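K.L.:
Okay, here's what each chain looks like letter by letter:
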Amino acid sequence: MMHFTSVQDVPDLQQLVDAALAYKADPYKDENLGKRKRIGMLFLNPSMRTRLSTQVAAQQLGMEAVVFNVGSEGWALEFEEEAIMSGTTVEHVKDAAPIMGKYFDILCIRTFPSLKNKEDDYSELYIRQFMKYAGIPIVSLESATLHPLQSLTDIITMQEYMRQPSKAAAFSGRKPKVVLTWAPHVKPLPQCVANSFAQWVNAWGEADFVITHPEDYELSEAFTKGARIEYNQEEALKDADFVYVKNWSTFTDYGKIYNNDPEWMLTNEKLALTNEARVMHCLPVRRNVELSDEILDGPNSLVTTQAGNRVWAAQAVLASILRAK
Amino acid sequence: MMHFTSVQDVPDLQQLVDAALAYKADPYKDENLGKRKRIGMLFLNPSMRTRLSTQVAAQQLGMEAVVFNVGSEGWALEFEEEAIMSGTTVEHVKDAAPIMGKYFDILCIRTFPSLKNKEDDYSELYIRQFMKYAGIPIVSLESATLHPLQSLTDIITMQEYMRQPSKAAAFSGRKPKVVLTWAPHVKPLPQCVANSFAQWVNAWGEADFVITHPEDYELSEAFTKGARIEYNQEEALKDADFVYVKNWSTFTDYGKIYNNDPEWMLTNEKLALTNEARVMHCLPVRRNVELSDEILDGPNSLVTTQAGNRVWAAQAVLASILRAK
Amino acid sequence: MMHFTSVQDVPDLQQLVDAALAYKADPYKDENLGKRKRIGMLFLNPSMRTRLSTQVAAQQLGMEAVVFNVGSEGWALEFEEEAIMSGTTVEHVKDAAPIMGKYFDILCIRTFPSLKNKEDDYSELYIRQFMKYAGIPIVSLESATLHPLQSLTDIITMQEYMRQPSKAAAFSGRKPKVVLTWAPHVKPLPQCVANSFAQWVNAWGEADFVITHPEDYELSEAFTKGARIEYNQEEALKDADFVYVKNWSTFTDYGKIYNNDPEWMLTNEKLALTNEARVMHCLPVRRNVELSDEILDGPNSLVTTQAGNRVWAAQAVLASILRAK
Numbered sequence: 031m032m033h034f035t036s037v038q039d040v041p042d043l044q045q046l047v048d049a050a051l052a053y054k055a056d057p058y059k060d061e062n063l064g065k066r067k068r069i070g071m072l073f074l075n076p077s078m079r080t081r082l083s084t085q086v087a088a089q090q091l092g093m094e095a096v097v098f099n100v101g102s103e104g105w106a107l108e109f110e111e112e113a114i115m116s117g118t119t120v121e122h123v124k125d126a127a128p129i130m131g132k133y134f135d136i137l138c139i140r141t142f143p144s145l146k147n148k149e150d151d152y153s154e155l156y157i158r159q160f161m162k163y164a165g166i167p168i169v170s171l172e173s174a175t176l177h178p179l180q181s182l183t184d185i186i187t188m189q190e191y192m193r194q195p196s197k198a199a200a201f202s203g204r205k206p207k208v209v210l211t212w213a214p215h216v217k218p219l220p221q222c223v224a225n226s227f228a229q230w231v232n233a234w235g236e237a238d239f240v241i242t243h244p245e246d247y248e249l250s251e252a253f254t255k256g257a258r259i260e261y262n263q264e265e266a267l268k269d270a271d272f273v274y275v276k277n278w279s280t281f282t283d284y285g286k287i288y289n290n291d292p293e294w295m296l297t298n299e300k301l302a303l304t305n306e307a308r309v310m311h312c313l314p315v316r317r318n319v320e321l322s323d324e325i326l327d328g329p330n331s332l333v334t335t336q337a338g339n340r341v342w343a344a345q346a347v348l349a350s351i352l353r354a355k
Numbered sequence: 031m032m033h034f035t036s037v038q039d040v041p042d043l044q045q046l047v048d049a050a051l052a053y054k055a056d057p058y059k060d061e062n063l064g065k066r067k068r069i070g071m072l073f074l075n076p077s078m079r080t081r082l083s084t085q086v087a088a089q090q091l092g093m094e095a096v097v098f099n100v101g102s103e104g105w106a107l108e109f110e111e112e113a114i115m116s117g118t119t120v121e122h123v124k125d126a127a128p129i130m131g132k133y134f135d136i137l138c139i140r141t142f143p144s145l146k147n148k149e150d151d152y153s154e155l156y157i158r159q160f161m162k163y164a165g166i167p168i169v170s171l172e173s174a175t176l177h178p179l180q181s182l183t184d185i186i187t188m189q190e191y192m193r194q195p196s197k198a199a200a201f202s203g204r205k206p207k208v209v210l211t212w213a214p215h216v217k218p219l220p221q222c223v224a225n226s227f228a229q230w231v232n233a234w235g236e237a238d239f240v241i242t243h244p245e246d247y248e249l250s251e252a253f254t255k256g257a258r259i260e261y262n263q264e265e266a267l268k269d270a271d272f273v274y275v276k277n278w279s280t281f282t283d284y285g286k287i288y289n290n291d292p293e294w295m296l297t298n299e300k301l302a303l304t305n306e307a308r309v310m311h312c313l314p315v316r317r318n319v320e321l322s323d324e325i326l327d328g329p330n331s332l333v334t335t336q337a338g339n340r341v342w343a344a345q346a347v348l349a350s351i352l353r354a355k
Numbered sequence: 031m032m033h034f035t036s037v038q039d040v041p042d043l044q045q046l047v048d049a050a051l052a053y054k055a056d057p058y059k060d061e062n063l064g065k066r067k068r069i070g071m072l073f074l075n076p077s078m079r080t081r082l083s084t085q086v087a088a089q090q091l092g093m094e095a096v097v098f099n100v101g102s103e104g105w106a107l108e109f110e111e112e113a114i115m116s117g118t119t120v121e122h123v124k125d126a127a128p129i130m131g132k133y134f135d136i137l138c139i140r141t142f143p144s145l146k147n148k149e150d151d152y153s154e155l156y157i158r159q160f161m162k163y164a165g166i167p168i169v170s171l172e173s174a175t176l177h178p179l180q181s182l183t184d185i186i187t188m189q190e191y192m193r194q195p196s197k198a199a200a201f202s203g204r205k206p207k208v209v210l211t212w213a214p215h216v217k218p219l220p221q222c223v224a225n226s227f228a229q230w231v232n233a234w235g236e237a238d239f240v241i242t243h244p245e246d247y248e249l250s251e252a253f254t255k256g257a258r259i260e261y262n263q264e265e266a267l268k269d270a271d272f273v274y275v276k277n278w279s280t281f282t283d284y285g286k287i288y289n290n291d292p293e294w295m296l297t298n299e300k301l302a303l304t305n306e307a308r309v310m311h312c313l314p315v316r317r318n319v320e321l322s323d324e325i326l327d328g329p330n331s332l333v334t335t336q337a338g339n340r341v342w343a344a345q346a347v348l349a350s351i352l353r354a355k
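Line order of the protein sequences matches chains E, G and X.
Going by the working numbering, the first residue of the first sequence is number 31, and it counts up by one from there.
Going by the working numbering, the first residue of the second sequence is number 31, and it counts up by one from there.
Going by the working numbering, the first residue of the third sequence is number 31, and it counts up by one from there.
The hints are simulated quantities; they were obtained by calculation from the structure and are not laboratory data.
Do not rely on the hints blindly, as some may be mistaken.
It does not matter which identical chain is used: a pair holds within one copy or between any two.
Unchecked claim - Straight-line alpha carbon distances no greater than 27 Å define the calculated DSS-like cross-link-like pairs of lysine-lysine that follow: (1) Lys-286 x Lys-124; (2) Lys-355 x Lys-59; (3) Lys-205 x Lys-65; (4) Lys-286 x Lys-132; (5) Lys-65 x Lys-132; (6) Lys-268 x Lys-355; (7) Lys-65 x Lys-54; (8) Lys-146 x Lys-67.
Because the structure is a prediction, the values reported are computed rather than measured.
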């Protein structure tokens, strides 16, 4: 694998999932693979799980991880070609990226969308410019439209659950029903996690996949095509095996909050409609707004397992890139 | 030792002091003890000595130290149970802590009091919630009411001084007189260092312990009980062997500055009342406000030695926790 | 070498250049030299290349690098002797520096000038105070008036270019013409890089050295003495082998922008006056303000090579200090 910015960079999804679970079973089995190798981790936006799990993953491969908070430790970058830099940006990605390419073996970048201009955000200018100019493999730590390390983790977490000896029979010979449900939130959030989850579940191809959200919250078909869209949440939840809860702002009329109906918050009452579904969320989660305490603290929640699995996803990705170099 | 948040977590104070001084004599004697182990260091507030000395201590044990500045690199955490998170907090400690417990072997946390609500601060909600939910050992890097790594260092520093061959006779057969004196400051500070010093000196039990401060600056008896309280600073200083200088804001009428009399600043004139006392301070210190240049730059100051000893205190604590796991 | 804060700290410039190029050829040849050694990196100001390249250099020598952003992770330091600290500074360098000296083997510091008071800035108070009180070797990561790691890199980069087999004949038996040219910018910048480049080229002694800038932009003679000053940029550029582009604010009437004529920006048209000169810049660069896209993206630009060489300069400096300890 050369880069890791979307599922399209992954030559063999199942192999990557298996590699991650192998690291979970034996975290230090490749602790010399990354010897004398170094990842740079550039944060243009805040991060907790992604930051920490990727550092841990790198260390377990014997790599050095160097963290750089671009805004607070450095200065604003320019991404537009031919910019006349007389404003507030201090350094062009055309100059910064190739230098990162000299200092590091792999460059990991987190950048959020503006949620103001759809075309700009969906062009993925920032991560594309780093890919164009760095000259080394790029790993997305979440970009304007996608969050592939999260989505890989999500697939891993579902497969791990289904493979448990006590569950194997229940899933034998049938596809699990996976429901991605919109949830209320207090502010407009990116579509990244939802887009990316849809993209990966579709690429996995082993799920009966339903997306449910209020009208006007349609995601880009570029990612959802292949899933069934259902505006009635209760209908969608019926017999679900996994329910992935996530808020996103509108895509069509970009970056808005339309309907923010608190009735869309998942509760135990709604969970009763499912096939004892496991509940997932990428975190951070606004408790009792996006998801109720009763679900998060209940026996069906997979969120801590899921967040813990971020380490193995990152480790499998870094290892795959190291092996391809 | 399972956690390290107060002297009450320490099964054997003297053993911990001795372990620290053994690391000072041979810093790398256990450099494989922490192999493949990792501490997470979470800062909800700024830190210099604690941050750096703990990183150094971890490295000398062969551990990886991962630093995370919660506010600037992540987002605001929620600590209240059953909170409806529609405000400014982004992630609940109930979700964040167990994930830290999956990424790290030991979790170190710094958090300050609000100085607005005594009950909240003295409930130690933040550190208690991390202890409740992380599932791994918690080390306080200073909490709302205590600063145990500092206090352990303080005991180490006094014992180290007294054990010097040239001093041993002077301290033979008698307890040193230890005076904790309040000092002026420009803003209201937590009671942590003073509380914690009192708690540890009392637990040590080998000092004639006097606390001196203006009226209205009484500390909580939960920590000071066993010490003699003396409002006359000069009286208190008489024949002191160690003078610990520290400002704190009021405890009873919480978080205020009452009397801020500059006469309470320690000077060489006052030092003359003592038994050539060594002067200690946790740092940072406001020079010529809390403590005079003449004291800090004079031969009686132990502050640099004391700050240097922070490494060995942290190393002994981490090692003790690693050994108990 | 004991400290590294200016070319005057360097006993043998050529040996340091050669050591750097030897690390470029074999980065890990001394990976045990820094075993159990630790550098502290203190940032009072932002940094990207210097920060990252020094971390990389330390790692390649087997050292631990501990980064501390003084302002955001700690608090404001006081540098004035005898200060009564009742204002906004929280800790005196007299207290902080000796503690750094206990935690680290080498202390690296970045600090910028105020550009408000020339005497203060040119006294290099901050770095001098650290040298006075830390008790360990100090490495400047750029100070108020100089940027020696950059200048060492610049000499390395020119020598490396000239030593290429295809270029050796062209430079045989003659000194290269090196031109430092002022360039426009949007805000007042320090004189550090220009001062330091002049100081190092003069110390190198192997160049025909010309400095060109608009009138009123004279640099301090303490650094430029030995160079020819030429107000006509086109005249200066004639037959140049290396053109070093950099903005600086006025030195005499301190910290101002006088003439900011966009005509001073280097273009391909001006480059035609030179001897196919290689173009250098320390970065970050304001594209199309300080330097045109056509130059930066053209075949004559050495800026990425130059920034890459920062690693080897830092590695040679750290190694030289470790060897002298």
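K.L.:
Next step is simple, just say for each hint if it's right about the structure.
P.N.:
Here is how each hint holds up against the structure:
1. In the homo-oligomer, the alpha carbons of Lys-286 and Lys-124 never lie at most 27 Å apart, since the shortest distance is 32 Å inside one protomer and 29 Å across protomers.
2. Taking identical chains as interchangeable, the C-alpha atoms of Lys-355 and Lys-59 lie at most 27 Å apart whether they share a chain (19 Å) or sit on different chains (22 Å).
3. Taking the shortest Cα distances, Lys-205 and Lys-65 never come within 27 Å of each other, neither inside one copy (41 Å) nor across copies (42 Å).
4. Within a single copy, Lys-286 and Lys-132 get their C-alpha atoms no closer than 40 Å, and across copies no closer than 35 Å, so neither meets the 27 Å cut-off.
5. Taking the closest pair of Cα atoms, Lys-65 and Lys-132 come within 27 Å of each other both inside a single copy (17 Å) and across two copies (24 Å).
6. Taking the closest pair of Cα atoms, Lys-268 and Lys-355 never come within 27 Å of each other, the shortest separation being 46 Å inside a single copy and 45 Å across copies.
7. In this homomeric assembly, Lys-65 and Lys-54 come within 27 Å of each other (Cα to Cα) both inside a single copy, at 20 Å, and across copies, at 18 Å.
8. Taking CA atoms no more than 27 Å apart as the test, Lys-146 paired with Lys-67 passes in neither setting, with 38 Å inside one copy and 43 Å between copies.
Against the hints set out earlier in the document, violations occur for numbers 1, 3, 4, 6 and 8.
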